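Undergrad: Here the protein sequences line up with chains A and B, keeping their order. Residues 1 to 426 in the working numbering are what the first sequence spells out, letter by letter. Residues 427 to 623 in the working numbering are what the second sequence spells out, letter by letter.
Calculated from the structure, these hints are not laboratory results. The model shown is predicted, which means the values in this text are computed figures rather than measured ones. Glycine included, each C-beta is placed from N, C-alpha and C at the ideal position. Mixed in with the good hints, there may be bad ones.
[Unchecked claim] Here are some chain B residues pointing at chain A (derived, C-beta under 7 Å): (1) 561; (2) 569; (3) 570; (4) 573; (5) 596; (6) 601.
[Said to hold, decoys possible] For lysine to any residue, the following SDA-like pairs were computed, each having C-alpha atoms within a straight-line distance of at most 25 Å: (7) A:259 / B:581; (8) A:424 / A:356; (9) A:259 / B:586; (10) A:259 / B:584; (11) A:259 / B:592; (12) A:259 / B:527; (13) A:424 / A:151; (14) A:424 / A:205; (15) A:424 / A:123.
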Amino acid sequence: MRAIVLVMLWWSAVALAQNEELTIEITQGVEGAIPVAVVPFSGPTGLPVEVSEVVASDLARSGRFAIPSPQSYPDRPGSLAETEYGRWRGLRVDYLVLGRVQPGPEGYTVVFQLADVLREAEMLNMSFAVTGSDLRRLGHEIADLVFEAITGMPGAFNSRIAYVSALRQAGGGTYSLVVADSDGYSPQVVLRSTQPIMSPAWSPDASTLAYVTFENDRSQIMVQNLYSGERRVLADYPGINGAPAWSPDGGQLAFTLSKDGNPEIYVQSVGGGEPRRLTSSTAIDTEPAWLPEGRGLVFTSDRGGEPQLYTVGLDGSRPTRLTFEGSYNAGADISPTGEQLALVHRQGGRFAIATLGLEGGGLQVLSAGGLDESPSFAPNGTMIIYATQQGGRGVLATVSVDGRIQQTLVSRDADVREPAWSPKIR
Amino acid sequence: MKTTLATAILAILVLFATGCAQNPPAANVAETPFETRSADVYTYEYGNAPPGQAGTGGYSPGGTGAGGVASDLGPGFGSPGFGGVGVPPSEGRIIYFEFDSADIRPDARPLIQSHAQVLTENVGTTVLLEGHADERGTREYNIGLGEQRGDAVRRLMIASGVAPEQIQVVSYGEERPAALGPEERSMALNRRVEIVY
Numbered sequence: 001m002r003a004i005v006l007v008m009l010w011w012s013a014v015a016l017a018q019n020e021e022l023t024i025e026i027t028q029g030v031e032g033a034i035p036v037a038v039v040p041f042s043g044p045t046g047l048p049v050e051v052s053e054v055v056a057s058d059l060a061r062s063g064r065f066a067i068p069s070p071q072s073y074p075d076r077p078g079s080l081a082e083t084e085y086g087r088w089r090g091l092r093v094d095y096l097v098l099g100r101v102q103p104g105p106e107g108y109t110v111v112f113q114l115a116d117v118l119r120e121a122e123m124l125n126m127s128f129a130v131t132g133s134d135l136r137r138l139g140h141e142i143a144d145l146v147f148e149a150i151t152g153m154p155g156a157f158n159s160r161i162a163y164v165s166a167l168r169q170a171g172g173g174t175y176s177l178v179v180a181d182s183d184g185y186s187p188q189v190v191l192r193s194t195q196p197i198m199s200p201a202w203s204p205d206a207s208t209l210a211y212v213t214f215e216n217d218r219s220q221i222m223v224q225n226l227y228s229g230e231r232r233v234l235a236d237y238p239g240i241n242g243a244p245a246w247s248p249d250g251g252q253l254a255f256t257l258s259k260d261g262n263p264e265i266y267v268q269s270v271g272g273g274e275p276r277r278l279t280s281s282t283a284i285d286t287e288p289a290w291l292p293e294g295r296g297l298v299f300t301s302d303r304g305g306e307p308q309l310y311t312v313g314l315d316g317s318r319p320t321r322l323t324f325e326g327s328y329n330a331g332a333d334i335s336p337t338g339e340q341l342a343l344v345h346r347q348g349g350r351f352a353i354a355t356l357g358l359e360g361g362g363l364q365v366l367s368a369g370g371l372d373e374s375p376s377f378a379p380n381g382t383m384i385i386y387a388t389q390q391g392g393r394g395v396l397a398t399v400s401v402d403g404r405i406q407q408t409l410v411s412r413d414a415d416v417r418e419p420a421w422s423p424k425i426r
Numbered sequence: 427m428k429t430t431l432a433t434a435i436l437a438i439l440v441l442f443a444t445g446c447a448q449n450p451p452a453a454n455v456a457e458t459p460f461e462t463r464s465a466d467v468y469t470y471e472y473g474n475a476p477p478g479q480a481g482t483g484g485y486s487p488g489g490t491g492a493g494g495v496a497s498d499l500g501p502g503f504g505s506p507g508f509g510g511v512g513v514p515p516s517e518g519r520i521i522y523f524e525f526d527s528a529d530i531r532p533d534a535r536p537l538i539q540s541h542a543q544v545l546t547e548n549v550g551t552t553v554l555l556e557g558h559a560d561e562r563g564t565r566e567y568n569i570g571l572g573e574q575r576g577d578a579v580r581r582l583m584i585a586s587g588v589a590p591e592q593i594q595v596v597s598y599g600e601e602r603p604a605a606l607g608p609e610e611r612s613m614a615l616n617r618r619v620e621i622v623y
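Please build the complete structure, drawing on both the sequences and the hints.
TA: In structure tokens form, the structure reads like this:
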């Protein structure tokens, strides 16, 4: 049976069914979050997006900031020149974000400022010219700038998540590959199929996804540009074609093929050519993840009798075992700096998300566990998104790498899973 | 030829539905994977067996047919009246496995060998072995596990005289579960190889 497949263009304004929308539930935040007032930006009413609301929601969602309700604000200045800092100190906020939206050459001009309330000092003062459809993205970008100015770490709000959504229906299911903003807004269906879709993976420039489909009743690795919609087959060999992962420079992909008899790790140029085999065992070798700077790959193998993580050099030299704690460690994702990896770790019969330091530092379990899987680092390395279950349904969850901040992203109707956090959008 | 093949497969299905089937993957399994008992058991299907054709009482005590059609047919169901009732999809063409294992259980060998016999007697016939896994563990690892299960069945068939080119293996990992739910019973039903003619 041929699957019915619908490929939609990334930017085509497709009205999506509500069941693709994710809703965020903050399940655990941090004590001692930094209080920041985000004043509603002045400007015309009826804007497509209230930029300051996006900023406030991003900052609050990170768990590191507490945003008092605007109703409690002493006034609503549109610039720091009209700000009486004393009144904001009375609100006990450390920082103040304010701004204004004006009609501009490209649609709108957005000006925002960030101030340190205690020192009465301006920290940021920036202006952007954007179209109406970019206002939401600009809100995420401003949140990133504020996040970095206050914490010293780059933000990750202006990024996306790809995930697989499965809708159970009488007579079969529908699988969708969805890309949404990091807060779950603006979901776009990239691919819809009656056959399973698996393992989305972002190119380092966030323009392209590699993923696995079963559209032809067998697995294939596809590569799809999200902007042009151009889509091509990367690997279509007998047996397994799975687990694609882009090299940090975007020039190569690692993946799993079983064409030579059983699942092995291969590397191939993005442009094509023959896949080059890196592993050789009678076991399952799969789920490659790239270490930075050509230091090789981490992959899952049960060559020792149970799934564990191994590293292998790009020359295919003899793999070295990486995990020793527990009887099931699999599905690694490497942090952007390469200092640690996230993995699925079984503990007392429960599968949980854990991190493992690659330069010392042991295994740290971050999630409550159950059927948690598919960890993926935020582009600034501060959070991990993963798939878990809630009431028998697949939901997405995020956890900070210190384990203190947790949220879930819930779809109304669908099972959602296999999240992949994009690199930062430039 | 076609009739002979159909009859032969039917014979396997009947044979393995009437008592000498391998044991159910978990003790006291009373339902087929396709039962729609109530809404809260998360049971669903991606359509291996058309509703109404799938039968009943897969495992010993009898059960419920697909599409929620109850049946009284119990352990003795089988030979007579078989045609009208249909074949329980969980019987006769599904091989079950232990967790994280692709080893053929001894009680599954006769069923595989019966299919091997059909294939050796019908060399123009091909078969697809669909390997599946339960939802525990990572999805891509489970794709590997599903393939290893399919390959294990394939090897036994080849050892029993089937030509390699008659057998295709595809792994769906945990992507197409036969039963949903966190309990061991559901997961046992998902660790399987389906023999598809």
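Undergrad: Taking the hints in turn, state whether each one holds.
TA: Structure-based check of all given hints:
| no. | hint | verdict |
| --- | --- | --- |
| 1 | 561 | 6 Å, holds |
| 2 | 569 | 5 Å, holds |
| 3 | 570 | 3 Å, holds |
| 4 | 573 | 6 Å, holds |
| 5 | 596 | 5 Å, holds |
| 6 | 601 | 4 Å, holds |
| 7 | A:259 / B:581 | 16 Å, holds |
| 8 | A:424 / A:356 | 23 Å, holds |
| 9 | A:259 / B:586 | 23 Å, holds |
| 10 | A:259 / B:584 | 18 Å, holds |
| 11 | A:259 / B:592 | 17 Å, holds |
| 12 | A:259 / B:527 | 21 Å, holds |
| 13 | A:424 / A:151 | 17 Å, holds |
| 14 | A:424 / A:205 | 8 Å, holds |
| 15 | A:424 / A:123 | 23 Å, holds |
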